[in-house]
Amino acid sequence: MRRAIFFVALVAVAGVGLWIARANGFSTRTPPTAVERVVMQGLHWLSVPRDARAATNPVAFSPEVWAQSRAHFADHCASCHANDGSGNTELGRGLFPRAPDMRLAQTQDKTDGELYWIIENGLRLTGMPAWGAGGGDDADTWKLVHFIRRLKELTPEQLKEMAALNPRSPGEIEEEKADERFLAGEDVESSPVPHHH
Amino acid sequence: MKQLLSIIALVLAVGAGALAHNGNDHVRGTITQVSAQSVTVQLADKTTKTLSISAKTEFESSGKPGHLADVKVGDRVVIDVPEHGSSALLIKVGTAPKK
Numbered sequence: 005m006r007r008a009i010f011f012v013a014l015v016a017v018a019g020v021g022l023w024i025a026r027a028n029g030f031s032t033r034t035p036p037t038a039v040e041r042v043v044m045q046g047l048h049w050l051s052v053p054r055d056a057r058a059a060t061n062p063v064a065f066s067p068e069v070w071a072q073s074r075a076h077f078a079d080h081c082a083s084c085h086a087n088d089g090s091g092n093t094e095l096g097r098g099l100f101p102r103a104p105d106m107r108l109a110q111t112q113d114k115t116d117g118e119l120y121w122i123i124e125n126g127l128r129l130t131g132m133p134a135w136g137a138g139g140g141d142d143a144d145t146w147k148l149v150h151f152i153r154r155l156k157e158l159t160p161e162q163l164k165e166m167a168a169l170n171p172r173s174p175g176e177i178e179e180e181k182a183d184e185r186f187l188a189g190e191d192v193e194s195s196p197v198p199h200h201h
Numbered sequence: 012m013k014q015l016l017s018i019i020a021l022v023l024a025v026g027a028g029a030l031a032h033n034g035n036d037h038v039r040g041t042i043t044q045v046s047a048q049s050v051t052v053q054l055a056d057k058t059t060k061t062l063s064i065s066a067k068t069e070f071e072s073s074g075k076p077g078h079l080a081d082v083k084v085g086d087r088v089v090i091d092v093p094e095h096g097s098s099a100l101l102i103k104v105g106t107a108p109k110k
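Those protein sequence lines, which keep their order, are chains A and B.
FYI, the numbering for the first sequence is 5 to 201, going by my numbering.
FYI, the numbering for the second sequence is 12 to 110, going by my numbering.
Here are some of the chain A residues that sit facing chain B, going by a computed Cβ distance under 7 angstroms: (1) D183; (2) F186; (3) L187; (4) G189.
Selected chain A positions facing chain B (in silico; Cβ < 10 angstroms): (5) E94; (6) P160; (7) E179; (8) A182; (9) V192; (10) E193.
Please keep in mind that the hints were generated in silico from the structure rather than gathered at the bench.
We treat Cβ as the ideally placed atom computed from N, Cα and C, and that holds for glycine.
Pulled out of the complex, with its shape left as it was, chain A reads as follows:
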């Protein structure tokens, strides 16, 4: 009897949940619920094989590696993760789950092997794609692991250098040229100009 009451209550609560969902729809603007977070964290943990988790970075850190990884990150990763790893970009904020602030423990507590695996193989049910072929020996990916470990060391000058390397759409390039012409004294069309979409 008690089991039946529990079941009916559960179905009723689920019905209310379904009604709310149908009435409001789904959006990636809202943060994941606690249940979704637990499910996703479990999936992320399961995503990385034990051996891969224990892998260590075979690429020695050097100023050259630091510079190369900054340029690589600015070109391939910053659209979602932001140059400073905060995830505070239009794309990063709109993802579900949103791009993490990689300077924080959620990312920094992962092993080098985990970070490498995630970059190489991506993460299911997130916006993180697989960037590599899946092998364990992609030096560029290991350099990115060094970069992630040093996010808090980035200087304002380095962030500006990275900003110059961020991908731009043809529209954004045109916009920048128009800005330069305007600042130099030429008359150019319209303002304000949306920077996004």
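Given the coordinates of chain A, assemble chain B onto it according to the supplied hints.
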């Protein structure tokens, strides 16, 4: 039974989420007023827009890091503002308009 419970849990999780956007805008114009708290810009269509200045506002003059003191009435500026916001993130200062 387990499958049913999983489906119910998923519906609850996603349904709750359903209960609960964004880039930078670009403002291009000529400075008509400037103070420590805000700048007012006249746009190409002759309307004006006032944007607040905060400790986080950055300045750039002739492509180099600048200061609020570089912003003067009559200067051409390009200002980055958060979408739907009114706080200047970056003010790029150009030349005064040709007379």
